[in-house]
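Q: Protein chains in written order, with my numbering: chain S, 133 to 464; chain U, 7 to 385.
Accuracy of the hints is not assured; some may be wrong.
Claimed, not checked - Here are the simulated lysine to any residue pairs, SDA-like style, with alpha carbons at most 20 angstroms apart:
hint, chain 1, residue 1, chain 2, residue 2
1, U, Lys34, S, Val418
2, S, Lys167, U, Pro100
3, U, Lys207, S, Leu259
4, U, Lys207, S, Lys167
5, U, Lys201, S, Leu259
6, U, Lys181, S, Leu272
Derived by calculation from the structure, the hints in this document are not laboratory data.
Next come the chains, spelled out residue by residue.
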Amino acid sequence: MRNRFKFMAPFTQKKETLFLIIFALGIVLIPLFVKNKYYFMVMNIVGLNTIVVIGLNLLIGFTGQISLGHAAFYGMGAYLSAIFTTTYGFPPWPTIALAMIITGMVAYFVGYPSLKLKGHYLVMATLGFSIIVHIFMVELDQITGGPSGFPGIPHLSIGKLVFHDDLKNFYLIWTFAFLCILVSLNLVNSRVGRALKAIHGSEVAANTLGIDTDKYKAKVFVLSAIFASLAGSLYAHYITFISPRSFDFYYSIQVVTMVIVGGMGSVWGAFFGAGLLTVLSEILHVTEKFNIIIYGAILTLVLVFLPEGMVVGFYSFYRRRKVKTLIEKEGN
Amino acid sequence: MKRGLLIILVLGFCMFSSGVSYGAEPIKIGAIFSLTGPGAHIGVAQRNSVLIAIDEFNKKGGVGGRPVEMVVGDDESDPTKAVMALRKMVETQPIVALIGPTRTDTGMAMIPTLEKEGIPTFMHAGGDVIITPVRKWIFKSPYRAADAMERIALYLKKHNLTKVGFLHASDGFGKDGAAIVDRLAAKHGFEVVAKETFDMKDVDMTAQLTRINARGPRAIIIWTIGPPMGITTKNARALGITVPLFQCHGGAEPIFFRLAGDAAEGVMMPSTKIVVADKLPDTDVQKKKLVDYIKEYETRFKDVPGTMVAYGADAAYLLLEAIKQAGPDRAKIRDALEGMKGYVGLSGIYNLSPEDHTGTTAKDIALVKAEKGRFILVE
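So that you can see chain U by itself, here it is in the shape it has in the complex:
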């Protein structure tokens, strides 16, 4: 008798608890960022960017009344920890999709698990290796390096700058750039007159820039990320180089002005429109979204969003849109992502397809110029 009562009680409790949470039960998505370690400065900004997107989505009613909840993991910028964070999430949380991680190597480490488990994933990592070859479940929001370089090439062509000096870091990113610039030189009819490399830890690139300058380039492209962006810019200005200087598509961050100081003046770079949102013409379809987003970001996090924030937010927006269309089903979400056409994001108009898991082209990329501590739109 006592036992029967207990069973009824337990059963009743189960029904009660499931009954209460039904309807409002959140759909969970995983989010793994480099919140500590060398990638932390980008990882934290990206987490913030995703938080805004999710809150906005939930305010609009979520998926038929069900809110989306983000389960956050930290990969400590370490590939092993990234896989562990992912395993933990897969085992303990019913996630339907994943956002992140921040770095290319952590992303690559997670891919085997993601493909095996079949989790639609929108990565923030920059490396093109993530989507070449196209992997069934993996998407990424930052521009392809080739597209960003093409944006510069289009400017060179338009202004008839046919002799180009190229300076790049000797890391993976820099070396990729060196291969791309050769390809684009043939395509757009300019000549790479000098090509020099430096190490990411170098503190002075005057020698390389002197050699480049001696070949009489009409423009110099510098392909690197982080502190060397500031050093190369300063060195070039100190040498009295006045030809147009270009940095890569990861440079349009507030920190660039701290790295390069006064030398930043006039440096051009491909970027998302987020750094020049207020200067966009009102006809620009992205403008309203960008302006609203920046306002929200600045009031909530007391920080100026850079180009990395735009990539982070777009990954979240696209994924949320797919969840809204497909419901909480991994395979359907993936299919919905692949069918996403003409989605207006912060970084561009995304057209995803089975062959293209990034979805943006050179046309989406703005060319911006540093001027008086701000970025202005060149074209």
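Next up, chain S with everything else stripped away, as it sits in the complex:
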């Protein structure tokens, strides 16, 4: 645990600014080279997953708590946006904010009591919660459309600009993903972030230093739920159709896997994990019925050899190598 902490949030401020610039340039420049709409759709789904995974990564990486309820928060964002804008004619943008607020409040009520307890009670609470939300989606068919889904959700628009195709949504989704990364990096490098790192290192020690650990944990949980809700709303307005199947338990597992594979406690790890696993499952379609086996094998290999996740794992490997060569040099 101690050892891992040493390599957490591994990049310096300067490097992170550089990464952010490269990232932003990537968003602007990619459409110049890519013309295939399918690639855009894959990238858009990566973007949506990135937003969810960044939030979840903050929770898992810094507080050591796991949530299996993020599919529910993702779904709440999607369904609240869909129902309010389509059925009741609310304007989409304020509705997204409203959905984020409602989801955040719900997350607080779910998270606060269970985070006060020692141990992994949040897993149980969120698991139960996500099943309840799923039942609501399926059973309230007068409102949600039930298992057949909810069609006809409008695309987002700013003035006359309607985000109706994959390219426009690419800019929209990745702008939000960029903002989420920015918010998270700022958070990690702030007083709150240091408090979170302290909690991760040792909760007791953090407590004795005057950090209200329960409060911080609940706050991170709420923030991660709000991110998920935002991604859900964007998903609903992008695909224009939602159904309960997209927000079931398997999605929760999927995003937790993305956090673990990408690297816990690393904002860039979240982006990497979401990208890798989303693209991988698409590429593996060529192997037809073996795709699940190969997918599983890759995950197992990553977890066996890079238990800290790929970004954190490779970086600490690189650091160790560097230190080793330094020692060898000095020895000479």
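Got chain S sorted already, so can you dock chain U onto it with the hints?
A: This is chain U only, laid out in the frame that chain S set:
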């Protein structure tokens, strides 16, 4: 000089390659099924059913010598993946039409893209929401739930069974059924004396059936799909209920006997004629087609086709017929589909029109009864 030679070479190669493939170049149609995930057991059977239809079509010469090639995609029973599979196909393959998907939610998710791109699509999904309201480019082959229920209602009327108990799942399919049975009760003059619901994950429906039985129904209709079909049937038999039991139009599959065991005996359900093909009178126009098809399916896939296979095959046959009539042009294929009249399929005689994108009626539906591990034709 060198450069000029290169250009000539490249040009020559282009002409050569296009020249070779011309004439035999296949017409591509997309096919997206739930090959993995919860819908896989139906998706795989439907892919097989479509494969047979396409091979048969190509053997007969295809479209003026050009064969039809199926590009298969898997939606993993997931709406997002379904849209991705569709995008991939639209971007990378020159598909003129699409078959599938398997599930109602994946189908609904794909509709905005299909309508925007203008791709004539024949879906396998059961939900009536797909064709209500009628959408320009979207057709579906399974019977409407209302037609299937009407088939049962006609039997009730004929045998003067006026008091009906209705048991349904609380999912979309079950709830649709509950609304339909009320409508048909008024139309065909029977009375729904009891109506009970259960959850798809329930493992025992004895309580609901006891309450229904207490109201003295002369027949019980059970509207659900999957494992609850077996559970409800077993529960009803264990309670000693002897009045006619009806299941829905998705039940006539070999798996029903595994789900319901001995209790299956005597249960009736609306179905395509595919499960009773050998018992049809020789005058039946569908018989030859059905018998040939079943033979092909059994030898090729070593499996007994159920009613879902018939829906899958019909979507393919109708689409291929339209492509043959209209050529590889999306808009023309769509128009040809809409003008398809009296097409003899495995599930019925299809009469498609601008107002009706399913094309079958209650008359096409057979009522079958489970007997000694097989289905027999009731009427």
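Q: Checking one constraint from the list: CA of U/Lys181 to CA of S/Leu272, max 20 angstroms. Satisfied?
A: Given that 20 angstroms is the threshold and the Cα spacing comes to 11 angstroms, the pair holds.
Q: Holds or violated: U/Lys207 and S/Lys167, Cα atoms, limit 20 angstroms.
A: Given pair U/Lys207, S/Lys167 is violated - Cα atoms ~45 angstroms apart, limit 20 angstroms.
Q: Quick one, are S/Lys167 and U/Pro100 close enough, alpha carbons at most 20 angstroms?
A: 16 angstroms, holds
Q: Given the hinted pair U/Lys201 and S/Leu259, is their Cα-Cα distance within 20 angstroms?
A: 33 angstroms, violated
Q: Holds or violated: are the alpha carbons of U/Lys207 and S/Leu259 at most 20 angstroms from each other?
A: Distance ~18 angstroms between U/Lys207 and S/Leu259 Cα, so the pair holds.
Q: Under the criterion that the straight-line Cα-Cα distance not exceed 20 angstroms, is the pair U/Lys34, S/Val418 satisfied?
A: With a Cα-Cα distance of about 18 angstroms, the restraint between U/Lys34 and S/Val418 holds, given a limit of 20 angstroms.
In this structure, the earlier hints numbered 4, 5 are contradicted, and the remaining ones agree with it.
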